[in-house]
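Can you build the whole structure from these sequences, using the hints too?
Number of protein chains: 2
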Amino acid sequence: MAKPKKTPRPKAETPKGFRDYFGAEVTARAEMLQAIAGVYHRYGFDALETSAVETVEALGKFLPDVDRPNAGVFAWQEDGEGEKPGDWLALRYDMTAPLARVYAQHRNDLPNPYRRYAMGPVWRNEKPGPGRFRQFYQCDADTVGSASMGADAEICAMLADTLEEVGIPRGDYIIRVNNRKVLNGVMEVAGVLDPANPDAMEAERGIVLRAIDKLDRLGVDGVRALLGVGRKDDSGDFTDGAGLSDAQSDVIMGFMQAKRDSGAATVARLRELVAGSQTGEAGVDELEEIADLLAAGGYGPDRIEIDPSVVRGLGYYTGPVYEAELTFEIFDEKGRKRQFGSVAGGGRYDDLVRRFTGQEVPATGVSIGVDRLLAALTAKGRMQQSVQGPVVVTVMDRARMADYQAMVAELRQAGIRAEVYLGNPKNFGNQLKYADKRGSPVAIIEGGDEKERGVVQIKDLILGAKIAETATHEEWKDRPSQFEVPRDQMLDKVREILEGQGK
Amino acid sequence: MAKPKKTPRPKAETPKGFRDYFGAEVTARAEMLQAIAGVYHRYGFDALETSAVETVEALGKFLPDVDRPNAGVFAWQEDGEGEKPGDWLALRYDMTAPLARVYAQHRNDLPNPYRRYAMGPVWRNEKPGPGRFRQFYQCDADTVGSASMGADAEICAMLADTLEEVGIPRGDYIIRVNNRKVLNGVMEVAGVLDPANPDAMEAERGIVLRAIDKLDRLGVDGVRALLGVGRKDDSGDFTDGAGLSDAQSDVIMGFMQAKRDSGAATVARLRELVAGSQTGEAGVDELEEIADLLAAGGYGPDRIEIDPSVVRGLGYYTGPVYEAELTFEIFDEKGRKRQFGSVAGGGRYDDLVRRFTGQEVPATGVSIGVDRLLAALTAKGRMQQSVQGPVVVTVMDRARMADYQAMVAELRQAGIRAEVYLGNPKNFGNQLKYADKRGSPVAIIEGGDEKERGVVQIKDLILGAKIAETATHEEWKDRPSQFEVPRDQMLDKVREILEGQGK
Chain A
375 MAKPKKTPRP KAETPKGFRD YFGAEVTARA EMLQAIAGVY HRYGFDALET
425 SAVETVEALG KFLPDVDRPN AGVFAWQEDG EGEKPGDWLA LRYDMTAPLA
475 RVYAQHRNDL PNPYRRYAMG PVWRNEKPGP GRFRQFYQCD ADTVGSASMG
525 ADAEICAMLA DTLEEVGIPR GDYIIRVNNR KVLNGVMEVA GVLDPANPDA
575 MEAERGIVLR AIDKLDRLGV DGVRALLGVG RKDDSGDFTD GAGLSDAQSD
625 VIMGFMQAKR DSGAATVARL RELVAGSQTG EAGVDELEEI ADLLAAGGYG
675 PDRIEIDPSV VRGLGYYTGP VYEAELTFEI FDEKGRKRQF GSVAGGGRYD
725 DLVRRFTGQE VPATGVSIGV DRLLAALTAK GRMQQSVQGP VVVTVMDRAR
775 MADYQAMVAE LRQAGIRAEV YLGNPKNFGN QLKYADKRGS PVAIIEGGDE
825 KERGVVQIKD LILGAKIAET ATHEEWKDRP SQFEVPRDQM LDKVREILEG
875 QGK
Chain B
375 MAKPKKTPRP KAETPKGFRD YFGAEVTARA EMLQAIAGVY HRYGFDALET
425 SAVETVEALG KFLPDVDRPN AGVFAWQEDG EGEKPGDWLA LRYDMTAPLA
475 RVYAQHRNDL PNPYRRYAMG PVWRNEKPGP GRFRQFYQCD ADTVGSASMG
525 ADAEICAMLA DTLEEVGIPR GDYIIRVNNR KVLNGVMEVA GVLDPANPDA
575 MEAERGIVLR AIDKLDRLGV DGVRALLGVG RKDDSGDFTD GAGLSDAQSD
625 VIMGFMQAKR DSGAATVARL RELVAGSQTG EAGVDELEEI ADLLAAGGYG
675 PDRIEIDPSV VRGLGYYTGP VYEAELTFEI FDEKGRKRQF GSVAGGGRYD
725 DLVRRFTGQE VPATGVSIGV DRLLAALTAK GRMQQSVQGP VVVTVMDRAR
775 MADYQAMVAE LRQAGIRAEV YLGNPKNFGN QLKYADKRGS PVAIIEGGDE
825 KERGVVQIKD LILGAKIAET ATHEEWKDRP SQFEVPRDQM LDKVREILEG
875 QGK
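Read top to bottom, the protein sequences are chains A and B.
Start counting the first sequence at 375; every next residue gets the next number (the numbering used here).
Start counting the second sequence at 375; every next residue gets the next number (the numbering used here).
Treat the hints with care, as some may be off.
Identical copies carry no separate label here, and so any pair may be met within one copy or between two of them.
[To be verified] Derived pair list, reagent style SDA-like, types lysine to any residue, alpha-carbon separation capped at 20 Å: (1) Lys-811 / Asp-483; (2) Lys-708 / Gly-789; (3) Lys-606 / Asp-595; (4) Lys-708 / Phe-510; (5) Lys-390 / Trp-450; (6) Lys-458 / Leu-592; (7) Lys-385 / Ala-449; (8) Lys-840 / Gln-856; (9) Lys-867 / Thr-768; (10) Lys-501 / Trp-450; (11) Lys-800 / Phe-507; (12) Lys-606 / Arg-584; (13) Lys-807 / Asp-483; (14) Lys-501 / Ala-449; (15) Lys-385 / Lys-458; (16) Lys-501 / Phe-702; (17) Lys-385 / Asp-468; (18) Lys-811 / Leu-484; (19) Lys-811 / Arg-481.
Calculated directly from the structure, the hints in this document are not laboratory data.
Written out as structure tokens, the structure is:
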């Protein structure tokens, strides 16, 4: 073993943008993933786990977030062999790119359609910020090989079921559905997309997309300015506009504000807006089909609605787009009330597999941001904040460790979380401080005197803490928090105390 | 979105040494991790999840496997800022190095002792081979900050409980315990370790360690040759020996063969062998203490035994060393019977945290190779090989998709895994082939005729397959595998068939 004697001491730090998760943070996430997997399974999706590492070639450059153009990957080059240079490898940045690779690689063996779910960390090589990490969890479900709107409708329904399963009650979330083809139709009608020359005016359309996405922040006037000549912000910086005429801008603004009280009315309004565009009409048909399927399944607009203002991801997807938003308010880091926002999104992307095979394979899917969903539940106080600590058997006599180990063995066999204090037992106060730090419900004490008399002392630490807090309170004053019981009644008494604490 | 038009198509392949896991492979592992976490939790360990990425500086070069000296990490350099070069980052190669970093970073906030478990993938940048992957799962539990042999004994007991919990019955595994200090004592007595000059003769001790580890393969004579002048193998290659005299070799061989029928007898024999070495006697005391604690907890030599021939990891650990081996026989890839071998190992490593803090912090822990354990259970036929497929509702009339979606919604709400066929419904044969490929237990058919009469057809696909297999068999001949029931009895009939199949 090499001894790093002369090198300076390494810094004990996570790399920038990474963090550690302790105790309940880990178990709460594991439980959430398990709950989500349960719903995905019931919907007929099969598990898939790809490795964290892919070739850069297979991953491609398909980062879905148009607002993060510089998002990159963590990549490195393998050692070469002889003259041959090594492959470039990278950590996956999402679950969709590996799915495309898996489908292309195994398509002859997989069922068709292939329905899979995948959960795990993904990595983004981007500038870390407060609350913004370079490793986070995603939980995806996709149907590859189906052009049916049934596949999209089903994923929206599943998303609603999933949110309720993990503890977001109906009314605290809304799933919004839009369609890329409708937007393209609107672009055609507005004259910024020519079906005969689809690559022209791409820059203008990019500005339009980004402008639509800023409606919440800039308001109608700000977006209008961006659609037209451009906009100077409060700091004096000027953002170029798309150069649209007022009439053109009217069409786009009409699209953004097309939402009506019912899905049917919204669909009707969109149909007016895209009149004359084949693509646009196909998109409205798709939206209508999804709305009908969802209505037949009992998923009304209290859970899933058609909303033309959803544009996030529209630059990436090719048909239906959906997004789940939590609608309750939380307090942000500056103490201001705000809506929690998006926790999941997805849509149809019919050309991702084509990179590998040359064939167009229809696909649709959703990705849940598990860490954001956990943060939401935590903000609402619906998350268990800590794991119950173990019963701590204290060490009064170092030579009798075997007695203490026998006690914890008895407790554990009864399914009770327990441990012997394994630090230096000399200072008894430290043992109780340890029990406190672990959130232990009960401490057990067996000194020489107790051993002789065949008894143990059992301390109810939860009750003890309450008594200490409210020393003068009548309710607690006369209740003992420490009990002496015969050794062979230890297990029963501990069980009784734990049950009492659970009430 | 950039379109990779002119670049050649990427290859749809996992990088060398990585693989994908499908369906039951994923869920079986998730269930195993959950079962292991349950035992670790009951023993008082808290969950910790560190990020996959660490600084190379923090990871250090502490690969524990002495037989893989070239094992490396996957590493890359961050972009620098201005003149300042970026940090080197790497994927973790085990769970112990990140634990050392976490403990050094958070030691003022963590309970002391700190007991944590961690599970997840680790990565090794080494030459992949058959069945040898560069990403695999580990599941560790460690107690940091305790010098007590109670901590070591407990981990051995926990390992036994864990193996039984995941489905390895008593008798099919053995946990072996040894101690680095006893080996050092034997080295002192044999004259290849001088306590006053511990760095001298390191090369000789390395050869001795590697020779001991080869006892199984080379036999007593081969090991003796390696301890002495060296050994020529069957291919004619010569391996240098440690240059020990016969008397010196006798001491080492005595250590390897010191195992007796009972732990007490083994301890007594070891005490003879290390007589005169302070370190060796301390090691024997430790082994004796562990044996006593385990005996008091009811963990006899049918589960855990003292075995001086365990040397794996002795070069890395500083005190007790333990290893779990599965003792049943399996057939290897060449059809030969062999013992399955090691699935977990660990020990005491008192100086890992010192790299960061300068202080020596005692620590001990175990790592379970989850993928190996899964392979063992699979080899024994104790693993579920597939996940039950969904009930498949076939599509007879594309326009009535809403009806079919309502059927699956009804089944799912009753907790039954179900889906509508989402591929092109034109060819009904493809729909049944799909159901077969998914391992579906039941298919549901509702054509126009059925719709009119208010009924559905329900096919028992498991029974259907049995009938097809044994067409002439009397038992099946007269049993129908397809049932017509009123639409409102669909759920009940599906339930009845699923229950019948479960028998």
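Results for each hint:
Proximity of Lys-811 and Asp-483 under a CA criterion of 20 Å is satisfied inter-copy only: 9 Å between copies versus 53 Å inside one chain copy. Taking CA atoms no more than 20 Å apart as the test, Lys-708 paired with Gly-789 passes in neither setting, with 44 Å inside one copy and 43 Å between copies. In this assembly of identical chains, the alpha carbons of Lys-606 and Asp-595 lie at most 20 Å apart only when taken from the same copy (12 Å versus 87 Å across copies). Proximity of Lys-708 to Phe-510 under the C-alpha cut-off of 20 Å is found in neither arrangement, the shortest distances being 24 Å within a copy and 42 Å between copies.
In this homomeric assembly, Lys-390 and Trp-450 come within 20 Å of each other (Cα to Cα) both inside a single copy, at 18 Å, and across copies, at 14 Å. For the homomeric pair Lys-458 and Leu-592, neither the shortest alpha-carbon distance inside one copy (53 Å) nor that between copies (38 Å) is at most 20 Å. For the homomeric pair Lys-385 and Ala-449, the shortest alpha-carbon distance between copies (18 Å) is at most 20 Å, but the shortest distance inside one copy (24 Å) is not. Taking CA atoms no more than 20 Å apart as the test, Lys-840 paired with Gln-856 passes inside one copy only; the shortest distance there is 13 Å, against 65 Å between copies.
In this assembly of identical chains, Lys-867 and Thr-768 lie within 20 Å of each other by CA distance solely inside one copy; the values are 17 Å within and 58 Å between copies. When the C-alpha separation of Lys-501 and Trp-450 is checked against a cutoff of 20 Å, the pair qualifies both within a copy, at 18 Å, and between copies, at 16 Å. In the homo-oligomer, the alpha carbons of Lys-800 and Phe-507 never lie at most 20 Å apart, since the shortest distance is 43 Å inside one protomer and 47 Å across protomers. For a Cα distance limit of 20 Å, the shortest separation of Lys-606 from Arg-584 inside one copy, 15 Å, qualifies, whereas the shortest one across copies, 73 Å, does not.
In this assembly of identical chains, the alpha carbons of Lys-807 and Asp-483 lie at most 20 Å apart only when taken from different copies (13 Å versus 58 Å within one copy). Within a single copy, Lys-501 and Ala-449 get their C-alpha atoms as close as 16 Å, and across copies as close as 19 Å, so both meet the 20 Å cut-off. Taking the closest pair of Cα atoms, Lys-385 and Lys-458 come within 20 Å of each other only across two copies (17 Å); inside a single copy the shortest separation is 37 Å, beyond that limit. In this assembly of identical chains, the alpha carbons of Lys-501 and Phe-702 never lie at most 20 Å apart, being 29 Å within a copy and 52 Å across copies at closest.
For the identical chains of this complex, Lys-385 and Asp-468 are inter-copy neighbours only, at 19 Å across copies versus 30 Å inside a copy, given an alpha-carbon limit of 20 Å. Taking the shortest alpha-carbon separations for Lys-811 and Leu-484, only the inter-copy value of 8 Å comes in at or below 20 Å, while the best intra-copy value is 51 Å. In this assembly of identical chains, the alpha carbons of Lys-811 and Arg-481 lie at most 20 Å apart only when taken from different copies (13 Å versus 53 Å within one copy).
Hint violations for this structure: numbers 2, 4, 6, 11, 16, all remaining hints satisfied.
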